[in-house]
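Produce the entire structure from the sequences given, and follow the hints as far as they go.
Protein chains in written order, with my numbering: chain A, 1 to 390; chain B, 1 to 539.
These are computed hints drawn from the structure, not numbers from a lab.
It is possible that some hints are incorrect.
As the list claims (entries may be wrong) - The calculated label-pair distances, taken between Cβ atoms and stated as ranges, are: (1) A/Asp192 to B/Gln366: 47 to 53 Å; (2) A/Arg9 to B/Thr363: 53 to 59 Å; (3) A/Leu139 to B/Gly375: 54 to 60 Å; (4) A/Ala327 to B/Val508: 49 to 55 Å; (5) A/Leu41 to B/Gly361: 41 to 47 Å; (6) A/Arg362 to B/Thr363: 46 to 52 Å; (7) B/Phe517 to A/Asn242: 49 to 55 Å; (8) B/Gln366 to A/Phe329: 25 to 31 Å; (9) A/Ala343 to B/Val508: 35 to 41 Å.
Said to hold, decoys possible - Sample of chain A residues at the chain B side, in silico, Cβ under 7 Å: (10) Phe10; (11) Leu74; (12) Val157; (13) Phe199.
Note that the structure is predicted; figures quoted are calculated from it, not measured.
We put the CB at the ideal spot given by N, CA and C, even for glycine.
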Amino acid sequence: MITAKLLSRFGLSASALIVALLAIAILFPLANLALPPENPLHVPSHLLPLLGKYLCYAMLALALDLVWGYCGILSLGHGAFFALGGYAMGMYLMRQIGPRGVYADPILPDFMVFLNWQELPWFWYGFDQFWFACLMVLLVPGALAFVFGWFAFRSRVTGVYLSIITQALTYALLLAFFRNDMGFGGNNGLTDFKEILGFSLQADSTRAALFAASAIMLALTFALCRAITLSKLGKVMQALTNAENRVRFIGYRVEHVKLFAFTLSAMIAGIAGALYVPQVGIINPGEFAPANSIEVVIWTAVGGRGTLLGPIFGALLVNGGKSYFTAAFPEVWLFALGALFIAVTLFLPKGIVGLVTQLQERFAARKAAAKRQKQTAPPAKPALNPEAAE
Amino acid sequence: MYSKLLQLVASALLVVVALSFQSAHAEPAPQQLVNALATGKLKQKPAQIEALAATKNPAIIPVLQALIEGELFYLKNDGQVVIAPQSGPMIDAATGKPLSGLNKSSLKKIKANNKVRRIARAAIAKLTLQSPVLAERQAAVEALFKAAKPESLSLLLEAQKNETDPQLQTRLAQAIALISLQDKAATAKAQQAAIAQLRSLGGQQALALLQAFTARDDIAPQEKEAATRAVEAIEKSMALWGIGQNVWYGLSLGSVLLLAAIGLAITFGVMGIINMAHGEMVMLGAYTTFVVQEVIRSSFPGVFEYSLAIALPLAFLVAGSVGFAMERGIIRFLYGRPLETLLATWGVSLVLQQAVRSIFGPTNKQVGNPEWMSGAYELGGLMLTANRLWILAFALLVFALLLVVLRRTRFGLQMRAVTQNRRMAASMGIRTPWVDAFTFALGSGIAGIAGVALSQIANVSPNLGQTYIIDSFMVVVFGGVGNLWGTLVGAMTLGVANKFLEPYAGAVLAKILTLVFIILFIQKRPRGLFAQKGRAVEA
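In structure tokens form, the structure reads like this:
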């Protein structure tokens, strides 16, 4: 019954993705924990965090697609929201280390002891509670996006200008987080985590659980985005991608729509970052680098913007390729990535999903033509155009 | 009468000849006195040095120098005094002629202790202070000025009596003031004079001395007040010079920003193309300079001074042709889709970076500074380094040239026509695709020559472009798109603002504050400082 409801509401491919995500959320950890290593279906332990990382990237690409694909806001700073979510989770994990750090200070993280700080800065209060950290994972990126978006959309900063100032935003944060005085570990960032909610981060079972959480979260956020884009609000969002002024003149508050999408997108990016950090074990200012944010854009573009499905596949595909290339041919990776940027914009403006639908349509059209040909007598060959006959 | 005049002229000539002879070929140091150094005990050395110094002959300076540094020896057999440096040939101390065929084992060192060294040093100072050559006297005074030791006071006072050069005279007076202010035994009158001197001198050293002076409790209130006022005056003028220095640093940073952004002002400002590979064009220019210098070093070392002049047109060509290829190959298919252009050019930038990394390696490359670009000038309290000065001048020159190209040439006219109304321009017979291609090539080429200039002050590495790209976009967006003057004003404003924030906030925070300021500024004026007006804006 649930499947039927899903199908009728979300359509075939989206429902299939949600089901598939939920399935791997259960099957992959099972295959890792329950099956013996010699079984061909066994998922090795090192693979699970890697795949979990990809799922987090996919969530980030999904978040970007909500604003770029559906509102026409090309954010070149989504990595900033991702990193902020990651830092919020990292701060919780840091507080969990407690007296097990190198300097064994019960309250202060190692880097603060190293910097000779006497007490915890005020913004580190509360991060010993998991619920508080989770709240901050949503609130900090959300608040930044809300304030930034409120200013930007209200004064009608659009197009490339918006892209450039989002890039400046993440660049400014990059510089800020590199400073030791900021109180986020400076250059080294936050690392050396021990456990989450009392479970050791090195344990296979914890990693499997984090993987499952990433897959489930991706399915949930995907369902949320899908629901939004299918709603009336989604229609308005798509309309303003095409003709923003017209939507405004009809009487919609364009700024509010954009602000909603931007803030929600930042929150999803924050969740992605928060799930990413415990799986990779480190968060440092490098995550704010403008290049990272632009890479997210290419995942989205490769998969197909404005489809929600596409960016998820794009992120998995590009990152899988990256892992393979950087290990096998480290010299070639940047060439390949650069070529991908150029090729996708020139030849695949709608990404892989767009290509698939295009092929489907062509296939259907040919099928229909063939059917028609069978029914009626074959038309006489046009004598003037010999090429068309072939 | 006539003959008397002739006689006078002849004698005058004789004197002149004699004088010039003396200064050109200083007579050798008196053999006897120099060789005397080899005899006698340590106790007798001061008297021997005094006797040498009394000759006022500059030729004994190297002898005394060698004595101080322990390089003065004498021959065991005949007592001739010899200078034997650590490396290089031995020299006859008296005549200054090189000696050959001598063995170190036949030498014996002339001993000196700290007292002897001090006396020798004072003798040298005295001799150089009385040297007939102005430059030597200046150097001696400067050395004493820097050291500011009380024991050199009498020397300086003596030198002041004989000094004829007015500039050196004031410098001497300043040095005397510097020293006499530390002298506990100085009279009130001398203190007053010294305070006045130091006040007019200004600078960090004088300030520190005056502050130390006001803290002393053995001085009369009158002098104390004068000194306090002098301190205030110096602090005020130093603050003013400090502002001037900051403005200079700001302009210098601004010129770098201007160079980096000016090509972007064309591609982004005039054509509306977001070229994320702009920074890589700058990098290509810098690497062109590196290659040119390498070729010159290995094949034509004589023309190294002109390497930058050779690199400029080459960098323009290299970056310009890459830009041309980019426009023809990629960008022309993406007109009207600015966000896609942004992504494609980012891809190009990745490829270019990796290509340079594969060819030249990931490390920084050393690009040399020609002679004329190193050094510094002092202007009052300002310190102007030559390379920054050149870059500022160069940036302004490039700006002016570009302005002329846009305003006064046929190509510039066509470019502006295409920007304003593409279809109308096409109807008038302008080949708009070629204008696009050449405009983009021009913008890229200018980025290339910016790279030549930046190679002189920045690290030449594959990441060179990345460091400038965001700043360049900020400058163009802040100044106003489509307006070259806006770019100039934007670059200079941002540069100066950044440098004024730095002392209060630190370099990184200053940069963050500038970025935040621009982000806020764009909210207020989305089209920049000098916005284009009219319908073209909406396009």
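What hints, given by number in increasing order, does this structure fail? Those not satisfied are hints 1, 4, 7, 10 and 13.
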